[in-house]
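Need the complex rebuilt from these two chains, each delivered in its own frame; the hints are there to steer you.
First to last, the sequence lines map onto chains A and B. Residue numbers for the first sequence follow our numbering, so the first one is 1 and each next one is one higher. Residue numbers for the second sequence follow our numbering, so the first one is 1 and each next one is one higher.
No lab work stands behind these hints, which were simulated from the structure alone. There may be inaccurate statements among the hints.
Dumping the calculated EDC-like pairs for lysine to aspartate or glutamate here, alpha-carbon to alpha-carbon at most 20 Å [what the hints assert, rightly or not]:
hint, chain 1, residue 1, chain 2, residue 2
1, A, 268, B, 162
2, A, 268, B, 128
3, A, 268, B, 158
4, B, 314, B, 287
5, B, 181, B, 93
6, B, 306, B, 12
7, A, 268, B, 129
The chain contents come next:
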Amino acid sequence: MTQQTDGPAATTTPEGMPTVDGASTGSGFITSTEVDRIPTLLAPTSGGGPVTAGLYFRVGAADETLATAGLTHLVEHLALHRHGVSDLHYNGSTAATHTHFVVSGTPEEVVAYLNGVCASLRDLPVERLATEREILRTEQAGRGRGPNHQLPLWRYGARGYGLASYPEYGTLHLTADAVRDWAATWFTRDNAVLWMTGDTVPEGLDLTLPAGRRQPLPAPTSALPVTPAYLTGGSGGVVLDGIVRRSTAAALFAEVLGRALFTDLRQKGGYSYTADCGYHPRDTDHATITAYADALPQKQDAVVGGFIDVLARLRAGTIDQAELDSARTKFLKQYEIPDIGAASLPSYALNMLMGHENLTPDEHRAQLAAVTVEDLRDVARELYDSALIQVPGRGVDWAGFTEAPQWSGPSFGPEPLGTVHRSRASDAVSLAVGREAVTLSTPRGRIAVRYDACAAMRVFPDGARHLIGFDAFVVEVEPTLYAKLTPDRMAPIDAAVPAAAVVPMPERDPDEIPQPAARRGGLKGRALGMLRSLRPGRG
Amino acid sequence: MSPTAPDLIRAEFDRCRQIPSLVDLRTAVRGNDWDTVQAYFDFLEDEDERAVAAGLVADLSSSERFLEHQVAAHGSPLARTLLAARYIDVGWDIRSSYTAEHVSREQFQQFHGWLRRAEQLLIGVCADEPAYALAWSYRLTTARGLELGASEARRRYDRLAEHHPHHIQAQILLLQQLCPKWGGSWEEAFGFARACLDAAPAGSHAGRLVVQVHLERWLDDSDDRPSDYLRANEVRDDVLAAADRSVRHPDYRPGFHWVGDHNDFAGALSLGGHYREAAPFFRTLGDKATEYPWAYYGDREVQFLKHRRRAMAKG
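So that you can see chain B by itself, here it is in the shape it has in the complex (with noise of 0.2 Å):
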């Protein structure tokens, strides 16, 4: 977290560089050590560390054949939930990041394919495990994937949230299913994000989730050209109130989450032109970025580093 120079010219995205003990996790998946990985998940201290974990084994390619093997011999509740991550990873590059009305009807099929393959391993390990944070989570992913509904998602949820209240990775997947472009609305999105934050202990990773609306609206009312939407006072105002109850406030522990968090508070007010107000949490960054919500609006590594220089010069 040291500041870094003002001019830099590449962006680091690769987790593994951003959490350095991750890399001993990636290497033990590329080498089919399953009693390290095992370990690895024991050790971490908590769930939202362990939803990072998952996130990045998911993304190896490797992990595919490994995790089938370890099913296959064991099929541990952590074998299955990563199996079903990676399949759900799969699945979603096949849909891509288009909106739905780009996606072809063979693409679809294939894409609930291997949500229906995720989906059955996760029915399977919430039923030996009913408080398995990991499982319900990846459920709240194949619920909006394969349309399952909102009351579904929501019940997926809630089941999580009787063990887990505060889990950062399933109140960001909810809030997805919340919003418009998935059946909901603007004010069941902002007032989960509200409700969450305000339950949360200070200093937690929810506030961005009333960031991550802010955004989901400004992206949605961006047609041609960026909306206006993250520029009013009150948007900023609002950013920044929550920065102050998570990421500013001196209980916050920046875990793995804590790069997420602070890409989100820099994009949602750099966007809006808040340079100032963002310089802070891109100097916390450093080079450190992440996909969202830098990939919202072109490319993602040329959208942080334009608004991080304009942020070093303003603040």
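Bound conformation, chain A alone (with noise of 0.2 Å):
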């Protein structure tokens, strides 16, 4: 997930982009220098346009913690917060492993604005901080989530590629300092690419940054023991996702399956208005496919069945070469365009930073030419075997998937150590608060969180601690929810959680402080009652 501050970025796929390697062919296309000791990439344009340029540092949202959610997205805010009255078209996105700061003007425009982006970032205006936090908490809150945004987590777990699926935690609290050690770390002109189009450097940059070091990617975490995988619940549509090695034929192939779902999805069975799917590079050598059908009213176990055969005939039916020889084409047409180089210079950028191979037009076309139907049905295979799909309604058990952990551990076994507490809604649940974690017990299964294993603990001032576990489990300790849940019980927690991954959370509304489920009605009611007062789960 990218998180835009002004207008669209420009979004890069490198296998699907051309990219275009200057420097080790000679070909002219795209040349490299230093700014400051920042490599950067130049291509020339026809005619005399705007100067465009970029400046990427290789960090984002996956290297911050849950609790310090958002530190990138502040740096970034802040960084810009000089410009943010002038007409200049300009933007800085946040996405998960980089961060890009764009312009796009007169050359005088695009100096002075790259200068200010790094003056800001040598020196922070952290004055800003309250209000950019504040800006940071409505962007949020208004910002529409994609209908893949909690596979992350389910995969991930609440850490590193999995925080692309939660709040950004980390502004309700980050200092001031933590926000200036973050810059000094991590936006360092040895952690930076800059792109520029144009035969030369233009004069009067400055872009001088602290020395650091090319941070490398972060280490992908599991939450998940067995794929293929499948969740329950979210939009109504059916969205999948799974992990393949970068590759042409992998981005040739995402090209394929969108076509065949909107096919089958929407124009032949009409069960759907949206089926797409797309390839991003997730690190240097792995991209992320996800694919996603929306379903018509009435039309979801058609769209969940539709998805699943899709699937089935790419990986282990009939691709035809039509199918393939399609997709191709339109990636070939991506040639056609004037100023191929400059074009692809932030593609190209982008694989400079992740440290991923660049190819040049003939030899991308040359990969594109040699890709077969087999080819794509390996990819098909290898997304097949790391799939994550979330479909409405019941399971889809039935076509080979595993339902991904609901509980972190069976509602049997030795009883969970420390102070139980039993729930004052059910006498089937509680809680217990042991030296080393929170447990919580129902019937269907428990949930544990270790405190040497919690992401984040949200503080309230109301007394409640909701702790979240690196595998994303969530347990809510509420003391209106449990008998005799009083302060001194509950200070092991505060004792045993590492303060790094404390998150002090506002006031809570009254009405938001959860209360008991009446005891009336059958156990299993009131059994149903309590789950849904207590959230159970991930999240």
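Written as structure tokens, this is what we have:
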């Protein structure tokens, strides 16, 4: 998920976009130089259009922790603060693994913008911190979330690439020191790549940044013991993602899958309005393929079935040569634009930043030509083997998918250690506050969060504590819901959870503080009411 | 189809006696002779006959190991589909013919387990051969048993009908899904049955779809004693009109479905007390009976013989 600060950023899909390597071929498409010791890529444009430039840093949301989520975004906002009222075409964006400052204008405007960004990064206007935190919280509240927004936390847990699923908790509490430290560590000249249209670097650039190092990409974590896996719920549509090795064949496959979904679910079946697929590099060697189809009313089940069948056909059945050829034709069309070198600069720069190989146009065309239907089938199998699918309604175990873990442990086994607090709504539910973990026990399963594996603890002024484990499971310790859950009984939690995981929360409305469900109705009804009020699971 | 003496003392439910060529198929399955099985299916004229033949294989308990071996050896679409059909049969036997509230949780889990195995084989066949009618047809049964929803069942039928618009077995299966007991409505069920009959060429098997909705409606109305639903003259006339467009039409080709066709008509008419009208269908059938609809209300053989005797006395 990319967080835009202002206007649309250039979207980059390196295997899909033409990527060229002037330095290695001497073809003159792209040349490399340095500006203030930042690696810099240049490519000429024909005609006297504006200069476009971008400054990438190898830092993003996946480098943060759940408790500090939003740090990079805050730095990006603070760095752009001085440009707030200009007419210049510029923006900043924060993605999982990179931050991008882009500008387009006269050489003087571009120089002023880039100089300003770097000056701010050297000395962040932290006096603006409170305001920018507020702005980010407002942005978050108003931002629509994609249909795939839950998949990262189920795949990766509450850290690294999984943080894309979460709110930016850091905007609630981050201090000036934390933001300054973050900028000094990550926004360095050694962790940046600059790209710019034109033959030469314009006069007057001052991009002085502290020395640092090129930061490695975050290692992927896992909260999915078995794949292909499924979870239920969501928007009513079907969304699937999977991890594949980055390749030209994989990028082509995503195009083929998107078209096949559109053909079967929209054109032929009329079950969906939207059906599409995207390919997004995740790190140096791997990409995420994400496929989505919405569902017209009453057609959800058919969308699930049709989706499963499209996947099955591409991995086990027949892929028509024509499907491959038409995707290939679309990719080759990208070379039919003028100034191909300049158009390729962002993806080229991003590959450089991520340590991924860049191809010359000839190499890329040769790779496109060499892809076979069999190569696509291999990608389909790789996608399926790592797939996580979210479906509305019933699960898809019938199609060979395994349910993603709903509980962190079975409902039986030795009683958890610590003080045990019965639920005020159901005798079958209890919360144990132990020396090492808090554990919620229900008839259907247990959820435990170990203090040393706590990604974030939300601390409320009314006494409640919500612990979110690295595996994304949540235990909400609500004094109103359990017997004898007094401050002294809760003290072990505060003593053991690392300070770095603490997220102080604003005061809640009295209405927002949960109250035990009334003890009436059958046991089952009470237990269900209890479970609803606890919202067990992940999230 | 020759007339038979009216005083039968037993009915013939064995499909191999009803349709003698099926004996060759049964012998081949029991003898682990895959080439003959494959050749038998290749030889059959149409998908409707293949569906009946597959039903026979699925009923044979000896087919399971044989088919598993074939799937491991060559995995042909036919072998995978027949094995799936066998798994569905095993699963459905566990579920038994009780209505849902009488099936234990454990029975349901086993039932679903067999259907999932079947479904995953069938997903593969349909991925390989999108026009493979037999596999799509069995996927209607797995969709119903696994409760995959009405729109999914309809999608599967539509994928089959793209290539095989008058596939009677699939139509019978979807019709079940459209009945209220599986979450549909009488409007949908009747609508579908009539649309199939209207769309099919004259003399098709589709007349029995109309009859089956009437039988389902009657069963649904019946409680401790049979309902009067089928006694209404409008129902009788509707059944006879369907017969005129199908089994009584000069273009009717009996194929493998004729025994089922005629049992449906004989059943709907005689269960409604229209014995005189039922008599010609019984006469055509002789002793050849099917499970459906006779097992719906008591012992299948007793019911068939009783109604046949009454019909022959009147007509």
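Query raised in the report: Taking only the CA atoms, is the gap from residue 306/B to residue 12/B under or equal to 20 Å?
Result: holds (14 Å)
**Report entry** Proposed proximity, residue 93/B with residue 181/B (alpha carbon, max 20 Å)
**Finding:** holds (19 Å)
Query raised in the report: Are the Cα positions of residue 314/B and residue 287/B separated by 20 Å at most?
Result: It holds: about 18 Å lies between the C-alpha atoms, which stays within 20 Å.
Requested in this report: Mind checking the alpha carbons of residue 268/A and residue 128/B for me, to see if they're no more than 20 Å apart?
Outcome: Distance ~19 Å between residue 268/A and residue 128/B Cα, so the pair holds.
Query raised in the report: Holds or violated: residue 268/A with residue 129/B, Cα cutoff 20 Å?
Result: Holds, at roughly 17 Å.
Report task. Starting from residue 268/A, check that the Cα of residue 162/B is at most 20 Å away, please. Result -> Roughly 10 Å separates the two Cα atoms, so the pair holds.
**Report entry** Satisfaction of hint between residue 158/B and residue 268/A, Cα-Cα up to 20 Å
**Finding:** holds (10 Å)
Comparing the model with each earlier hint shows no violations; every hint is respected.
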